[in-house]
Amino acid sequence: EAGVAQSPRYKIIEKRQSVAFWCNPISGHATLYWYQQILGQGPKLLIQFQNNGVVDDSQLPKDRFSAERLKGVDSTLKIQPAKLEDSAVYLCASSFRTGTGEQYFGPGTRLTVT
Amino acid sequence: DAKTTQPPSMDCAEGRAANLPCNHSTISGNEYVYWYRQIHSQGPQYIIHGLKNNETNEMASLIITEDRKSSTLILPHATLRDTAVYYCIVRGNYGGSQGNLIFGKGTKLSVKP
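For the protein sequence lines, the chains are A and B, in the order given.
Count along the first sequence from 1, then add 236; that gives the number in my numbering.
Position 77, counted from 1, in the second sequence is what my numbering calls 68; the numbers after and before it change by one each time, with no gaps.
These are computed hints drawn from the structure, not numbers from a lab.
Quick reminder that beta carbons are idealized off the backbone N, C-alpha and C, glycines included.
Possibly wrong hints are sitting among the right ones.
[Said to hold, decoys possible] Dumping the calculated DSSO-like pairs for lysine-lysine here, alpha-carbon to alpha-carbon at most 30 Å:
1. B:99 - B:-6
2. B:96 - A:314
3. A:280 - B:99
4. B:-6 - B:43
5. A:280 - A:247
6. A:319 - B:60
7. A:314 - B:60
8. A:280 - B:96
9. A:298 - A:314
10. B:43 - B:60
11. A:298 - B:-6
12. B:103 - A:314
13. A:319 - A:280
14. A:251 - B:60
15. A:298 - A:251
16. A:247 - B:43
17. B:-6 - B:96
18. A:307 - A:247
19. A:247 - B:96
20. B:96 - B:60
[What the hints assert, rightly or not] Output of the computed footprint for chain A on chain B, the stretches with three or more beta carbons under 8 Å from beta carbons of chain A:
21. -4 to 9
22. 38 to 52
23. 58 to 71
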């Protein structure tokens, strides 16, 4: 079974630039999550999708972050404009359904904002 | 905030059992204990979860105290590849946002030859 795919793996941008990350979940997984992991901390949930609908985006800084999952499969997370404090690893995870604690994580995208 | 307390770091000799403790004194009756680990430069990996009974799978064993206020993850024969940050998470079995995983800082386990 193929795992959660993410791209790119690494990205370096200057502050005020924009960036987008892509995630393809495990086939058949209805629930998709985006997490932000700052160095030395555990992952923090940014947004959760159930199919193509948003379940929880309470931790998403909506003035600069946006995410979509238009067809209920793959997803894109965008930051515009980026700030220095956005430097982190952005992890995508998926699960068969919401309500389960078994989530499968991708390798993440390491973003450096200079 | 995370509902669990874990030591920031632990060492274990290769081939020995690694016992990782977790305190969750405010756990409620319908909340599960989940364990994940994160190897360097990888995403977190699910290990095991339990409600009140002890659980075992191919990766580890989970021992939950009778009052459910603490638990221990046991890796029976640690290898160098088990070096990782281990997260203990308390989670309700709900759908939607109520069942989201809240990660703390975890325990960094170093397995030494």
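Hints versus structure:
1. The suggested pairing of residue 99 of chain B with residue -6 of chain B holds, with an alpha-carbon distance near 18 Å, which does not exceed 30 Å.
2. Straight-line distance between C-alpha atoms of residue 96 of chain B and residue 314 of chain A comes to about 26 Å, which keeps the hinted pair within the 30 Å bound.
3. Between residue 280 of chain A and residue 99 of chain B the CA atoms are separated by roughly 18 Å; this keeps the pair inside 30 Å, and the hint holds.
4. The hinted pair formed by residue -6 of chain B and residue 43 of chain B meets the criterion: a straight-line CA distance of about 17 Å does not exceed 30 Å.
5. Taken as a hint, the residue 280 of chain A and residue 247 of chain A pair is honoured in the structure, with Cα atoms around 20 Å apart against an allowance of 30 Å.
6. The suggested pairing of residue 319 of chain A with residue 60 of chain B is violated, with an alpha-carbon distance near 40 Å, which exceeds 30 Å.
7. Restraint check for residue 314 of chain A and residue 60 of chain B: the C-alpha separation of about 40 Å exceeds 30 Å, so the hint is violated.
8. Taking the CA atoms of residue 280 of chain A and residue 96 of chain B, the gap is near 11 Å; set against the 30 Å cutoff, the hint holds.
9. At most 30 Å may separate the alpha-carbon atoms for a hinted pair to count; residue 298 of chain A and residue 314 of chain A meet this at roughly 10 Å.
10. The suggested pairing of residue 43 of chain B with residue 60 of chain B holds, with an alpha-carbon distance near 10 Å, which does not exceed 30 Å.
11. Taking the CA atoms of residue 298 of chain A and residue -6 of chain B, the gap is near 26 Å; set against the 30 Å cutoff, the hint holds.
12. A C-alpha spacing of about 40 Å is found between residue 103 of chain B and residue 314 of chain A, which places the hinted pair above 30 Å, so the restraint is violated.
13. For the hint pairing residue 319 of chain A with residue 280 of chain A, the CA-to-CA distance comes to about 18 Å; that is within 30 Å, so the pair holds.
14. Proposed proximity of residue 251 of chain A and residue 60 of chain B is contradicted: the alpha carbons are some 45 Å apart, above 30 Å.
15. For the suggested pair residue 298 of chain A and residue 251 of chain A, the alpha carbons sit about 17 Å apart, so the restraint of at most 30 Å is met.
16. At roughly 43 Å between alpha-carbon atoms, residue 247 of chain A and residue 43 of chain B are farther apart than 30 Å, so this suggested pair is violated.
17. Of the pairs offered as hints, the one joining residue -6 of chain B and residue 96 of chain B holds, with about 11 Å between alpha carbons and a cut-off of 30 Å not exceeded.
18. The suggested pairing of residue 307 of chain A with residue 247 of chain A holds, with an alpha-carbon distance near 26 Å, which does not exceed 30 Å.
19. For the suggested pair residue 247 of chain A and residue 96 of chain B, the alpha carbons sit about 25 Å apart, so the restraint of at most 30 Å is met.
20. Distance hint between residue 96 of chain B and residue 60 of chain B is fulfilled; the C-alpha atoms sit about 19 Å from each other, no more than 30 Å.
21. For the stretch -4 to 9 of chain B, the proposed coverage by chain A is not satisfied: 0 residues have a C-beta within less than 8 Å of a C-beta in that chain, short of the threshold of three.
22. Given as covered by chain A, the stretch 38 to 52 of chain B fails the check, having 1 residues with a CB less than 8 Å from a CB of that chain where 3 are the minimum.
23. Only residues whose C-beta sits within less than 8 Å of a C-beta in chain A count toward coverage, and the stretch 58 to 71 of chain B has 0 of them, not enough to reach three; the restraint is violated.
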